[in-house]
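With these hints in hand, go ahead and build the complete structure from the sequences.
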Amino acid sequence: MKKAIGLALAVLVAATVATTAEGSRRAAAASAAIGCNGTMKIGFPTPLTGGAGFLGNEQMSWAKYAVKTLAPRLGLKIQLVPGDTPVEQGAGAATTVAQKFIADKKMVAIIGPSTSGAVAASSTAFAAAGLAHVSPSATRTSLTQTVDGKKEGTSSFFRVVPGDYVQGPTDANYMVKTLKVSKVAIMDFQEPYSVGLADAVEKTLKAARVSTTRLSASNTTTDYSAFVTRVPSDADIVFFPTQKPGDAQTFAQQLIEQGKKAKVFGGDGSNNSEQFKVPGSYVSNFAPDITKVPRDKAIVAGWKKANPGKEVGSFGPPTYGAVEVVLRAIKLGCNAGGGKLASRKAVVRQVKKVRIKNWILGGSFRFSTKSNDPLNAKFYIFKIASNGSYQPVP
Amino acid sequence: MDTFIQLTVDALTLGSVYALIALGYTLVYGVLKLLNFAHGDVFMVGSFIGFGVLQLLGGAADPIVPVWLLILLVTFAAMAGCAALGVVIERFAYRPLRDAPRIAPLISALGVSFFLANSMQLLFGAAPRNYDTFSLSDGALYLRGFDVGNVKVPLLRIVTVLAAFVLMITLWVLVNRTRTGKAMRATSFDREAAAMMGIDIDRVIVFTFVLGSALAGAAGVLFALRVPTAVSIGFIAGLKGFIAAVIGGIGSIPGAMAGGLILGFAEAFTQGYISTRWSDLLVFVILIVFMLFRPQGLFGTPDIKKV
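Protein sequences appear in the order of chains L and G.
Take the first sequence: its letters are residues 1 to 394, numbered as in my numbering.
Take the second sequence: its letters are residues 1001 to 1307, numbered as in my numbering.
Hints may contain errors.
[What the hints assert, rightly or not] Listing some non-contacts, in silico: residues in chain G with all C-beta distances to chain L over 12 Å: (1) Val1053; (2) Leu1070; (3) Pro1096; (4) Ile1103; (5) Leu1141; (6) Gly1145; (7) Trp1172; (8) Thr1178; (9) Ala1195.
[To be verified] Just so you have them, the derived chain G footprint on chain L, three or more residues with Cβ under 8 Å: (10) 46 to 55; (11) 257 to 263; (12) 309 to 321; (13) 372 to 381.
[As the list claims (entries may be wrong)] Listed next, the stretches of chain G that the computed footprint assigns to chain L, with coverage defined by at least 3 CB atoms under 8 Å from CB atoms of chain L: (14) 1001 to 1008; (15) 1232 to 1239.
I should point out that these hints are in silico values taken from the structure, not numbers from a laboratory.
Quick caveat, the model's predicted, so the values are computed rather than measured.
A virtual CB, placed ideally from N, CA and C, is assigned to each residue, including glycine.
Right under this line is the structure:
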């Protein structure tokens, strides 16, 4: 008995010491000065595998391109470090990648995480380690704003795209005012991104007196037949905020299979013209088609040269923008520190000061003074044409 | 009533695929007393083989052969490819451990499962592959069919269910009406005695893996004709196939068929009538209930121990 108590006490003491040491190490890592002349690292947690792997790989190609072209112009030597966070693996993968990045002393900032779930899982750790994390695609409202008394992101989290507080009402208002819907089915996939967006859309639709039916599938669902069965036969639209465009395609096909009239309306997560292309469907996204923005011609040409055979998607350009914001924040931090970053937090302090005149998504860029969101950003809606291409709606 | 009919169609489609997967588990367990946890990944490989052959034959948008022949060729290719894979798996991962303690081949099976999943990911990446069946004959497989009341039963569902049933019946005939099937049954009953009777045990076991894996390949194609396939589908499909086999009675062929259909109905009707959130939970509750009250499954025989 005495031996057991002694052993338990020893374990407790060891755990306390280890935790304190870890906390001290993190605090030390957060507060250690970093020279700007050497190579600094930027981490990028993004889904490189899994159903949303297309998003992560597209973003990674643009992040690499941005680091390669922008860092030398700012006099910085930057190494981009990827971290795979498949959406199917949820918070666990995000936390593991975050811990790996935090432990790396040369890590000065983070691009991403890409997904809202990963941000919710890792923002506290990043903030404790003093790491600024700037996401090009995490749109859940509660990451930067308090929703129902809860805020999931920290003051070190920023994003360069508007959140669901813009996407939800934009999509819902389009359904109400342009499509004149009377009945909408709304899906979610039991994870932060889709639940947040579905809630935002449902709120606006209900305020406009549109009848809604809410359905919920697990994130690993592949066959949606039974869900399609529950879509009312007179529903006009099924709002389908998936992060896997292939699932949006499946759902739209199964709607046709069962003779339902409803069209699929996907969020930004389903924006992929190769995987989701059922004509008559809709998709919203936080980026316009930058190939039609004249001043982005050189950037697009450079990216295409570095990525032969690939087409410009909608997730890549905001990633380029996020990298630009981070690199400028690092530069500002280096300037303020006389050639070195006083600590990782020096980057956090500079992020909101970043102003970009020629923003890759059009216009200029700055952060809102009220939150860590971009000022006056908007969402764009596309309709899928008969040839599968995405046409912006007026 | 329309919802009931629609859900029945969904259940039969889903259940048929589960039944084909479950048959593979049950065949191997019946002969070798081994739970082949790599079976779900063989199913996944089958769906990828089918995708590759589909592209070679021109893809869904512009096939070089008639649609019916395209589907047949894709299915046979997947079955053949998976059968070959089954032979390789048996030869290198299970045969050396045949006389080892039972935990050893089980761990080997898990290892094979991880190996297959990760190899496929390395070779083909994580992006889903869509057969784009909708484009075949301008959506005929989705738009043509027959009506039951107000419910449309599209051709694709009919093809899926019929194909699965044809395969199941063929398997039943093979196992119960042929010499090879007799040898398989003898081996599953008593391996040593069967060997003493002159049955080539190695050949029987290889043939069992060929059969089980071929069925998994066919299931992979039938599944992927309706939903995109990806490397990640193997685990869930394998798990559900395993549950179906256990419900029906592991080692029993009619049991595997019944288990698959029961699982399909449980899932579809739960999603349709109760809640879409509860379907996976109910599936596992059914498994637990069977394990507690009827561990031998519906058609299995209780394990009798001599005292």
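Can we trust that Leu1141/G is non-interface, i.e. its beta-carbon lies farther than 12 Å from all of chain L?
The claim is violated: Leu1141/G sits with its nearest Cβ about 9 Å from chain L, within 12 Å.
Exclusion check [Gly1145/G not at the chain L interface, CB over 12 Å]
violated (9 Å)
Measuring Cβ to Cβ, find out whether Thr1178/G lies farther than 12 Å from everything in chain L.
holds (34 Å)
Confirm or reject: Ala1195/G is not an interface residue toward chain L, with every Cβ-Cβ distance exceeding 12 Å.
holds (43 Å)
Chain L over the region 1001 to 1008 of chain G, status - at least 3 residues with CB closer than 8 Å:
Holds, because 3 residues of the region 1001 to 1008 of chain G bring their Cβ atoms closer than 8 Å to Cβ atoms of chain L.
For the region 1232 to 1239 of chain G, do three or more residues have a beta carbon lying closer than 8 Å to a beta carbon of chain L?
Check passed, 3 qualifying residues.
With a cut-off of 8 Å between beta carbons, are at least three residues of the region 372 to 381 of chain L near chain G?
violated (count 0)
Mind verifying the non-interface call on Trp1172/G? Its CB should be farther than 12 Å from each CB in chain L.
Consistent with the label, Trp1172/G stays out of reach of chain L, its closest Cβ about 26 Å off (over 12 Å).
Claimed coverage, the region 309 to 321 of chain L by chain G - three or more beta carbons nearer than 8 Å:
Not satisfied, violated; 0 residues make the cut.
At 12 Å, judged by beta carbons, does Leu1070/G keep clear of chain L as stated?
holds (18 Å)
Does Ile1103/G sit more than 12 Å from chain L, CB to CB?
Holds: least Cβ distance 27 Å, greater than 12 Å.
Hey, does Val1053/G actually stay past 12 Å from chain L on C-beta?
About 20 Å separates Val1053/G from the closest Cβ of chain L, which puts it past 12 Å; holds.
Comparing the model with each numbered hint stated earlier shows that hints 5, 6, 12 and 13 do not hold.
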